[in-house]
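Residues per chain, in single letters:
There are 2 protein chains.
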Amino acid sequence: MGPPAEKITSLQNPRIKQLVRLRERRERDEAGVFLIEGYREIRRALEKGVSPKEFYFSPDWFLGENEPALIEQARAVGAQLFELSKDAFAKVAYRERPDGLLALAPQWKRSFDDLKLGANPFLLVCESIEKPGNLGTILRSADAAGCDAVIVCDPVTDLFNPNVVRASTGVLFSVPVVVGDSASVHAWLKAKGIRTAATTPHTTNLYAQTDLRGPLAIIMGSEQYGLSEFWMKSADVLVRIPMAGQADSLNVAMATIITLFEAVRQRSG
Amino acid sequence: MGPPAEKITSLQNPRIKQLVRLRERRERDEAGVFLIEGYREIRRALEKGVSPKEFYFSPDWFLGENEPALIEQARAVGAQLFELSKDAFAKVAYRERPDGLLALAPQWKRSFDDLKLGANPFLLVCESIEKPGNLGTILRSADAAGCDAVIVCDPVTDLFNPNVVRASTGVLFSVPVVVGDSASVHAWLKAKGIRTAATTPHTTNLYAQTDLRGPLAIIMGSEQYGLSEFWMKSADVLVRIPMAGQADSLNVAMATIITLFEAVRQRSG
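Chains S and Y, in that order, are what the protein sequence lines are.
Heads up, the first sequence is in the working numbering, so the first residue is 4 and it goes up one at a time.
Heads up, the second sequence is in the working numbering, so the first residue is 4 and it goes up one at a time.
With the rest of the complex left out, here is chain S (with noise of 0.2 Å):
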């Protein structure tokens, strides 16, 4: 057992008015942390290797038993504890149904001197994705497929969004993800010698027919703007996901987890 947690009841505290504004993106950067709210979100942060400087509860709102290990455990890895008032937690929290735990931890940086590939390099390549949900959902389908790491170009969203730790369900915390521009990264894939497969609906490559194999990099579009013309001229490959229905049936995610699994049937075929 360390020392005690701080009690802080006061909505005019200092401490809940930073974690307020750590919501905005430019705070969070500034102060390079980012916040990992409930349990099974900071579990999993924890199980990763992640180290929360701070770490704030209020057991009023707990919904199980298990907040207290968790507690501990955020302590053993040297988190300050604060214990919050009902009404001081509700300020902080960001979701509606909050559970009582939330979680202050550094921000990270990967570069691509970082990344380990493997023999057979699979990675994915996002263009600006605007919508932290749809990011998330992203990394988990990367995750899911067992791609090496996910490279972000041109960020509008931000990693540590708070939407995107929720959305990720964790995987913010064990998938590698590098962000950088458009045309480093195309520098870099094509000095690992990592073929580029562009999806969009401007061409007559179908995904399916297309050779997947390989050391290779999937690259999606915007959801708004799709494919840019910098990687509609510079992918190796355009490839195309048919498409019955309406126009707009499939979001970015959705066609991000189609061509993710049309690589994978290839390649442990």
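Calculated directly from the structure, the hints in this document are not laboratory data.
Incorrect hints may have been included.
Heads up, the list lumps identical chains together, so a pair's fine if it works in one copy or across two of them.
[As the list claims (entries may be wrong)] Capping the alpha-carbon separation at 30 Å, the derived lysine-lysine pairs in DSS-like fashion look like this: (1) Lys134 to Lys94; (2) Lys89 to Lys112; (3) Lys236 to Lys193; (4) Lys193 to Lys56; (5) Lys193 to Lys134; (6) Lys89 to Lys119.
Go by the hints and put chain Y onto chain S.
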């Protein structure tokens, strides 16, 4: 031009109160109606032959210039018009950022006899989907994959939930959906000579190594419980999607789209 729209400014107006109540399933089912909010959704509903009975609009919330034409279209198919004050519309709007357009339309119910199947039927069967957002996404996937129809077994969320309407981006108005209990659905599929392939982690058959051509219904379990014992025993074949990473990286909507598009690939081959 028909009669002028009736103006409503009071938050106590019975129609305002009724619209708020219609967010509840029981109220919707009793009244036999549902709500369609937003320009895109209402336009698609009108395109697909849905005839709103009532149409509520509030110019203070309009985002563009095409709203009057949409209102006239609704009037032309018999909708009674109501012009709401900004406050009154804020009260009935379901969305966080309303666009001043809300239609009330009659629910419909399709039976198996209504379904028109092609020469090589391709159906999706979902068990007890709980989250409206998932059901909406699943409807979009079935549309994109060109399914003849979606069958919802033992539903938990109702088809006419505002979040299903929204998440389906209008596909609810075009893809035929039938609701039934699992035993009846199974009997009907048998009678029609449609083979059933159910997805579950509890099999060694890989989905992509299983023949998904010919008359086929893909069966998906619920979010929380997966495939029911009924379908585990009754399906003609069980198939598994191979997964790397975290056990829960694929949710039911993602698993559905992967399976549907593998079937599309095989069936178009």
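We went through each hint and held it up to the structure:
{"no.": "1", "hint": "Lys134 to Lys94", "result": "both (24 Å within a copy, 27 Å between copies)"}
{"no.": "2", "hint": "Lys89 to Lys112", "result": "neither (34 Å within a copy, 46 Å between copies)"}
{"no.": "3", "hint": "Lys236 to Lys193", "result": "within (14 Å within a copy, 50 Å between copies)"}
{"no.": "4", "hint": "Lys193 to Lys56", "result": "neither (39 Å within a copy, 59 Å between copies)"}
{"no.": "5", "hint": "Lys193 to Lys134", "result": "within (29 Å within a copy, 43 Å between copies)"}
{"no.": "6", "hint": "Lys89 to Lys119", "result": "neither (44 Å within a copy, 56 Å between copies)"}
In this structure, the earlier hints numbered 2, 4 and 6 are contradicted, and the remaining ones agree with it.
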